[in-house]
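**Student:** Now for the letters of each chain:
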Amino acid sequence: MMLPPFHFPVLSIRCSVVPGAVPGEEHIDHFKNYWDLTHCRARDLENHALVGMLLFDSAGRCWRIESVQDLGIDATFWGWLFRMIGADSLLHRISCEFVEKGPVPLEALRERVCAAIAGNPDQWRDDEAIAGEDGPPQDEWEMLAALQDKVRQAQSVPQIITVLFDEGAA
Amino acid sequence: MAQQSPARRKPPGSQDDIDAWMRRRNDHVQGAGEAEAAGRKAWVTAIRTGEHLPAAHPSEVRALGRHALEALQTSRPIVRPMPIQEPNPAESMIPFVGPAWAFAADMQNRRYRHAAVDAVGAAIDAPFANALVKGGRRIAEDTAFFRPKTKPWLDDASYAWRHVRDWMGEAKILEKGQHGHHALIPQNGWGKRVPNAIKNQPLNIKGMPDPVTHGRLHHRMGNLPRFNAPQRYLHGTPGWWKAAHASAAGHAATAAMVHRKRSR
Numbered sequence: 001m002m003l004p005p006f007h008f009p010v011l012s013i014r015c016s017v018v019p020g021a022v023p024g025e026e027h028i029d030h031f032k033n034y035w036d037l038t039h040c041r042a043r044d045l046e047n048h049a050l051v052g053m054l055l056f057d058s059a060g061r062c063w064r065i066e067s068v069q070d071l072g073i074d075a076t077f078w079g080w081l082f083r084m085i086g087a088d089s090l091l092h093r094i095s096c097e098f099v100e101k102g103p104v105p106l107e108a109l110r111e112r113v114c115a116a117i118a119g120n121p122d123q124w125r126d127d128e129a130i131a132g133e134d135g136p137p138q139d140e141w142e143m144l145a146a147l148q149d150k151v152r153q154a155q156s157v158p159q160i161i162t163v164l165f166d167e168g169a170a
Numbered sequence: 171m172a173q174q175s176p177a178r179r180k181p182p183g184s185q186d187d188i189d190a191w192m193r194r195r196n197d198h199v200q201g202a203g204e205a206e207a208a209g210r211k212a213w214v215t216a217i218r219t220g221e222h223l224p225a226a227h228p229s230e231v232r233a234l235g236r237h238a239l240e241a242l243q244t245s246r247p248i249v250r251p252m253p254i255q256e257p258n259p260a261e262s263m264i265p266f267v268g269p270a271w272a273f274a275a276d277m278q279n280r281r282y283r284h285a286a287v288d289a290v291g292a293a294i295d296a297p298f299a300n301a302l303v304k305g306g307r308r309i310a311e312d313t314a315f316f317r318p319k320t321k322p323w324l325d326d327a328s329y330a331w332r333h334v335r336d337w338m339g340e341a342k343i344l345e346k347g348q349h350g351h352h353a354l355i356p357q358n359g360w361g362k363r364v365p366n367a368i369k370n371q372p373l374n375i376k377g378m379p380d381p382v383t384h385g386r387l388h389h390r391m392g393n394l395p396r397f398n399a400p401q402r403y404l405h406g407t408p409g410w411w412k413a414a415h416a417s418a419a420g421h422a423a424t425a426a427m428v429h430r431k432r433s434r
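Sequences listed follow chains R and Y, in order.
Numbered per this note's numbering, the first sequence spans residues 1 to 170.
Numbered per this note's numbering, the second sequence spans residues 171 to 434.
Think of the hints as simulated: they come from the structure by calculation, not from any bench.
Honestly, I wouldn't trust all of these hints.
Listed next, with one range per pair, are the computed distances between beta-carbon atoms [said to hold, decoys possible]:
hint, chain 1, residue 1, chain 2, residue 2, range
1, R, S95, Y, K412, 28 to 38 Å
2, R, Q153, Y, G359, 24 to 34 Å
3, R, G20, Y, M252, 23 to 33 Å
4, Y, N300, R, R64, 18 to 28 Å
5, Y, V382, R, Y34, 39 to 49 Å
6, R, A59, Y, P395, 52 to 62 Å
7, Y, R390, R, E107, 40 to 50 Å
8, Y, N358, R, I73, 34 to 44 Å
What the simulated footprint calls covered on chain R by chain Y, stretch by stretch (three residues with Cβ under 8 Å from a Cβ of chain Y suffice, anywhere in the stretch; the number is not a length) [stated by the list, open to error]:
hint, segment
9, 26-40
10, 52-63
11, 127-140
Here are the simulated lysine-lysine pairs, DSS-like style, with alpha carbons at most 25 Å apart [to be verified]:
hint, chain 1, residue 1, chain 2, residue 2
12, Y, K362, R, K150
13, Y, K319, Y, K211
14, R, K32, Y, K412
15, R, K150, R, K32
16, Y, K304, Y, K342
17, Y, K342, Y, K319
Glycine included, each C-beta is placed from N, C-alpha and C at the ideal position.
This is chain Y alone, in the form it adopts within the complex (with noise of 0.2 Å):
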């Protein structure tokens, strides 16, 4: 009689393991039901939005939400910027600020001819924002306005041009022998009427390259003509009142094509 040969028991982790292949089936069943998910969401939202989808029939789902899956496991996630809102009226009204936010509003929305009214706007903003800068550090020197020792509200000969002068020298704002001319408000005719304390302050004062030019202002010298009145503009007045003159014009602008933006 044949002798009967012992059951073979198969070593883990082949084909025939039931405790594997039971393993195996669950992930199957589980996975199938998130691809058919999957898929079924993916027809439903076409349906809706009219996408196109490698599906054309029901049946398909299921191969279509697994590739969908897999799509999803494979891809990177997508890391978005966080939008740049338009700056409001006031907002961009800030020197250079304003303009420049503005520029990068247009840029991520793709409107390069109002990005590149802005970049104009910002390039024409930054003198007077290097001004409002330079304007701050003087103010925590104590240069920016003159204060006399004494009584610096009652005794308007403590502001007196002669104090002024001597003080602007100390303070390094006008080299020595440097002519300071008196810009925006005149020492004399009208400007007699302003007090000493307001007209004698830095920010009233230009100081000239050379006599010859602070003269020509007011008259001719010699056989140098007395400047126009675009010269005495250019020469004759501080560099901040022509860089706000500057800053003003091209916020205008910029102004003006917010409007007719939001007029369309």
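For reference, chain R alone in the conformation it holds in the complex (with noise of 0.2 Å):
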């Protein structure tokens, strides 16, 4: 299997799968190597959930996932009976067919972000802070707001990703 020449970490977008998503909900993730790229739960396949994802790596380029192919569960008899009992979910291990998009400039990437995050507040939403478990209660759509602004001053990809999930490779 060959795989695209990627600048890890990769930044994803794809569609929500969440029950009573909308389209145009979108949901960001991050991978961080090539073993991410090519594991998955076996509810992101129920759900189709990698198809249609885009990928933006660490040098400015995009692909499209076009398709998904499971070869099965990734693990031996011993790492599955260690995720049975607890420690992790099945992983099946995939392969996924990339088309190239061309390249996206960082503009335009943070704008695409900052909807993706107003389209889905849910992954975004400190519920506790807008409860005001430490300190007043603050507003949802201030805090979106000012995450949407950290975002807009990031200044590459993988400083994108430490804004949005606090870790990454900045």
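Please assemble the complex out of the two chains, which come individually in their own frames, going by the hints.
**Tutor:** Encoded structure:
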């Protein structure tokens, strides 16, 4: 299986598969390495969550996943047993067909991410901050706007990932 | 001279048939022996137990035995259910099964007051048993615990609320737009010292009916005051937690009753 020469970390945007999701509602995630890109949960396969996913790598290139092939559960017997008793969900090895969409300017990517944040606030909402568990209650939309501002100030894909997930390779 | 008439043979089965007569006699002798043995046995048992017998004299034992044998032949076999033993303390702690078992044992022994207490205990235990069943189903569906795709035991950031909230939506634990409240371990305050991998798990998350109810757990919301302690317990803790408390109280009451019963 030939994989494109990604520069990790890779930012991904896909349609949300949460029950009740409306068209255009998007889910943002990221991949740290090739292992991440070639493994997924059974539920993601059932929901066809990966088909149509857009990948933005750290070098500013963009790919789209056209199709996903399940290569079976990735575990030895002991690994399978370990996962079954609670260490991890069972993962499937997958083979994806990528189609390169060409370079994407950082400005366009930032706006794309901001639109995805606005379209799916459930993923980014801090319920306890809104309820005021630690201090005065905060406004949900002000918090989302602050997050979007931070994304707009990011200077690279790894920085966007850091802003969104407080982790990454920035 | 008068002609001598030949000897007439009786037809078979008639009273004068010697073979039939002998057979009847043997049966009578054997039956009399059995009746006398049964009568003597009943007589000796009655002497030991003081039971009243309709035989005033030892000569009536044969009639007594015959009655006993006839009663034995005509009566149907009595099928007795297997006696239900009372559950031991460990068994009585099994949610719902323990009180239900004790209820059955008390009903069998006609201790109706205790059975009523057991029935109440079983009724209180039912929600907790239901919560356990639901938990088992979630384990089977792989939605009981959030587990990230990679480095599950090393990278606490993988258990951040943003990942968990999203996953809980996909796993249909929280509905779209529904607030999730950190019920037992708070997300902030002293909960900051607890790893995300522990506090951001479905067991600790209570789905809120609306954001206002969530807010009132911590603050007053507009004109609505903050919930008091019982209200916070009612609205802010998961169902399994409340069911566990009720179950514990029920088991404590049952244990006290068993202790009192044994100390008598």
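**Student:** Taking the CB of S95(R) and the CB of K412(Y), does the distance hold inside 28 to 38 Å?
**Tutor:** With a Cβ separation near 48 Å, S95(R) and K412(Y) fall outside 28 to 38 Å, so the hint is violated.
**Student:** Evaluate the given range 23 to 33 Å for the C-beta pair formed by G20(R) and M252(Y).
**Tutor:** violated (53 Å)
**Student:** Does K150(R) pair with K32(R) here, judged by a C-alpha cut-off of 25 Å?
**Tutor:** holds (21 Å)
**Student:** Holds or violated: 34 to 44 Å for the Cβ distance of N358(Y) and I73(R)?
**Tutor:** holds (39 Å)
**Student:** Please work out if K319(Y) and K211(Y) have their alpha carbons no farther apart than 25 Å.
**Tutor:** Between K319(Y) and K211(Y) the Cα gap is close to 81 Å, so the pair fails against 25 Å, i.e. violated.
**Student:** Per the coverage rule (Cβ-Cβ under 8 Å, at least three residues), is the segment 52-63 of chain R covered by chain Y?
**Tutor:** violated (count 0)
**Student:** Taking a Cβ-to-Cβ distance below 8 Å as contact, does the segment 127-140 of chain R have at least three residues touching chain Y?
**Tutor:** With 9 residues in contact (Cβ-Cβ under 8 Å with chain Y), the coverage given for the segment 127-140 of chain R holds.
**Student:** Does the Cβ pair V382(Y), Y34(R) satisfy 39 to 49 Å?
**Tutor:** Holds, at about 46 Å.
**Student:** For the pair we were handed, K362(Y) and K150(R), check the Cα-Cα distance against 25 Å.
**Tutor:** holds (24 Å)
**Student:** CB of N300(Y) to CB of R64(R), is that within 18 to 28 Å?
**Tutor:** Since the Cβ atoms of N300(Y) and R64(R) sit about 46 Å apart, the hinted range of 18 to 28 Å is violated.
**Student:** For the segment 26-40 of chain R, count the residues whose Cβ lies under 8 Å from any Cβ of chain Y; is that count three or more?
**Tutor:** It holds, with 6 qualifying residues against the three required.
**Student:** Hey, K342(Y) versus K319(Y), does the alpha-carbon distance stay inside 25 Å?
**Tutor:** holds (19 Å)
Of the numbered hints given earlier, the model fails hints 1, 3, 4, 10, 13 and 14; all others are met.
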